[in-house]
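Generate the whole structure from the sequences, applying the supplied hints.
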Amino acid sequence: MSAMNHTGPSPAKDLTGARRAWMGTLARARPEALAALLPLPLPDHHDLRAPETGTMMVQGRIGGSGAPFSLGEVTVTRATLHLADGTTGHALVQGRDRTHARHAALVDALMQTDAAERIRETVLTPLTEAEAARREGRAAKAAATRVEFFTLVRGDDK
Amino acid sequence: MYVAVKGGERAIDNAHAWLAEERRGDTEIAELSVAQIRAQLKLSVDRVMAEGSLYDPDLAALAIKQARGDLIEAIFLIRAYRTTLPRFGATLPVETAKMAVIRRVSATFRDVPGGQILGPTFDYTHRLLDFALAAEGLDLPEATTASPEGLDTVPHVMGFLNREGLIEEAGTGADTPPDLTREALELPATRALRLQALARGDEGFLLSLAYSTQRGYGNTHAFVGELRIGQVVIEAEIPELGFSVEIGEIELSECETVNQFGGSKTEPPQFTRGYGLVFGQSERKSLSMSLVDRALRWKELGESHNPAPARDEEFVLSHCDNIQATGFLEHIKLPHYVDFQSELELIRRLRSAALSAQEKE
Numbered sequence: 001m002s003a004m005n006h007t008g009p010s011p012a013k014d015l016t017g018a019r020r021a022w023m024g025t026l027a028r029a030r031p032e033a034l035a036a037l038l039p040l041p042l043p044d045h046h047d048l049r050a051p052e053t054g055t056m057m058v059q060g061r062i063g064g065s066g067a068p069f070s071l072g073e074v075t076v077t078r079a080t081l082h083l084a085d086g087t088t089g090h091a092l093v094q095g096r097d098r099t100h101a102r103h104a105a106l107v108d109a110l111m112q113t114d115a116a117e118r119i120r121e122t123v124l125t126p127l128t129e130a131e132a133a134r135r136e137g138r139a140a141k142a143a144a145t146r147v148e149f150f151t152l153v154r155g156d157d158k
Numbered sequence: 159m160y161v162a163v164k165g166g167e168r169a170i171d172n173a174h175a176w177l178a179e180e181r182r183g184d185t186e187i188a189e190l191s192v193a194q195i196r197a198q199l200k201l202s203v204d205r206v207m208a209e210g211s212l213y214d215p216d217l218a219a220l221a222i223k224q225a226r227g228d229l230i231e232a233i234f235l236i237r238a239y240r241t242t243l244p245r246f247g248a249t250l251p252v253e254t255a256k257m258a259v260i261r262r263v264s265a266t267f268r269d270v271p272g273g274q275i276l277g278p279t280f281d282y283t284h285r286l287l288d289f290a291l292a293a294e295g296l297d298l299p300e301a302t303t304a305s306p307e308g309l310d311t312v313p314h315v316m317g318f319l320n321r322e323g324l325i326e327e328a329g330t331g332a333d334t335p336p337d338l339t340r341e342a343l344e345l346p347a348t349r350a351l352r353l354q355a356l357a358r359g360d361e362g363f364l365l366s367l368a369y370s371t372q373r374g375y376g377n378t379h380a381f382v383g384e385l386r387i388g389q390v391v392i393e394a395e396i397p398e399l400g401f402s403v404e405i406g407e408i409e410l411s412e413c414e415t416v417n418q419f420g421g422s423k424t425e426p427p428q429f430t431r432g433y434g435l436v437f438g439q440s441e442r443k444s445l446s447m448s449l450v451d452r453a454l455r456w457k458e459l460g461e462s463h464n465p466a467p468a469r470d471e472e473f474v475l476s477h478c479d480n481i482q483a484t485g486f487l488e489h490i491k492l493p494h495y496v497d498f499q500s501e502l503e504l505i506r507r508l509r510s511a512a513l514s515a516q517e518k519e
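Sequences listed follow chains A and B, in order. For reference, each letter of the first sequence is one residue, going 1 to 158 in the numbering used here. For reference, each letter of the second sequence is one residue, going 159 to 519 in the numbering used here.
Among the clues, some could well be false.
What the hints assert, rightly or not - Calculated lysine-lysine pairs in the BS3-like style (CA-CA distance at most 30 angstroms, straight line):
no.	chain 1	residue 1	chain 2	residue 2
1	B	LYS256	B	LYS223
2	B	LYS491	B	LYS223
3	B	LYS256	A	LYS141
4	B	LYS200	B	LYS164
5	B	LYS164	B	LYS457
6	A	LYS141	B	LYS491
Hint data in this document are derived by calculation from the structure and do not stem from the laboratory.
Laid out in structure tokens, this is it:
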């Protein structure tokens, strides 16, 4: 039985923008960080499409902003599952970690149910904060290597 | 005559068993973990990902371990593994203008918005061996930090030149780019196809070609407009959902060179561009790639013919792949007994004909 207390899918509303955001957060999360934040025991679910690993061709742009070209592939894993109430969760995540894909799909499904508020608070917010801290940490180190130019005044100009 | 050759199986098995033992090396010394390779030999990992043409640091680190540090052998392992995976499609083109940069320098403009960011570079080190690194249990090194103001989005330097129309547009092509791994290379190639071949090409080969253009074999006189390294988000459509989502983040090195003018009766003179984009931290490769990209564009830019190797598309594209090269090169060490037997017979016949002709004289 479901350990979560949700009562069924939320009434249909356009979640596209919000869903894109949380799917991105889940994909970029460290798999072990995501696993540690999941509600236990995991809610009942079954695979519609068991996690499957493959590749996608990463495209670059000529000159950084022109027409696309094939740069090289990246490993990705996708998964689709159903909660007991029929809500569908999808995931497409970089790498070969099947558990990561399954966990991401599970949270994607839960975010479409009445459990969304709680999941946002306990899973997504900590992941977003961790990601922001990672980014900020790297940016702060980069900033310390920013060159500050100064011009020397030549003595004979005085 | 067909000669079946069998045998050597036991010798091969034993050779591989010995290889495994040699790979492990001296057992008095701790075994190297894949995680250690990934974390501490990152630039090797990056090279294997770039030339293996598959972004997966764990796999690249494993391949390096298996190949005993032979990077071309590791690249071979990655290329072979890749063929076992299904292709799900393509990502949207990455937006390098939104890169979270850790390094960004321009050799053409000093005061660029966002600034010159050196990042974790070898530049300006004295290239003196640091014997302190030979000791164990060193104090943990720690990077300095500063306020990351203005680093959210660092604009491309080329954008500034573009505004004045001083530089050509970024480069056009098909909306769906060609893919070397799906269709065999055909010449003449589009610029998109050339860039793919160069992005997975051998760093050493491209370095030498780029250097040759600097020394006068197909002069391109390049300035580094911008070199940037950092993380970019990758995004892909999910067909079931009908929208795209971010699926992860990869590190890229990007180089744009500013080169001397094109111009024609109808177009005023403009700077031209060369482009390099490579998986991971590999500025030498991205710089080499952008010089070679520019050299290969001579015909499109209406430059006069010059038989320099770096400008010869067929030469460059047919020889830049180190797996193709090593495969063909190394196959000659495998048994060619029958081929050689026919050569032997031929030379004996020629010699006996020559000798009997001499006797008659």
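Verification of the hints:
1. B:LYS256 with B:LYS223: Not satisfied, since the Cα-Cα distance of roughly 34 angstroms exceeds 30 angstroms.
2. B:LYS491 with B:LYS223: 25 angstroms, holds
3. B:LYS256 with A:LYS141: Cα-Cα ~18 angstroms, so holds.
4. B:LYS200 with B:LYS164: Answer violated: B:LYS200 to B:LYS164 is near 43 angstroms, above 30 angstroms.
5. B:LYS164 with B:LYS457: Measuring from Cα to Cα gives roughly 52 angstroms; hence the hint is violated.
6. A:LYS141 with B:LYS491: 50 angstroms, violated
Hint check: violations occur at hints 1, 4, 5, 6; the rest are consistent with the structure.
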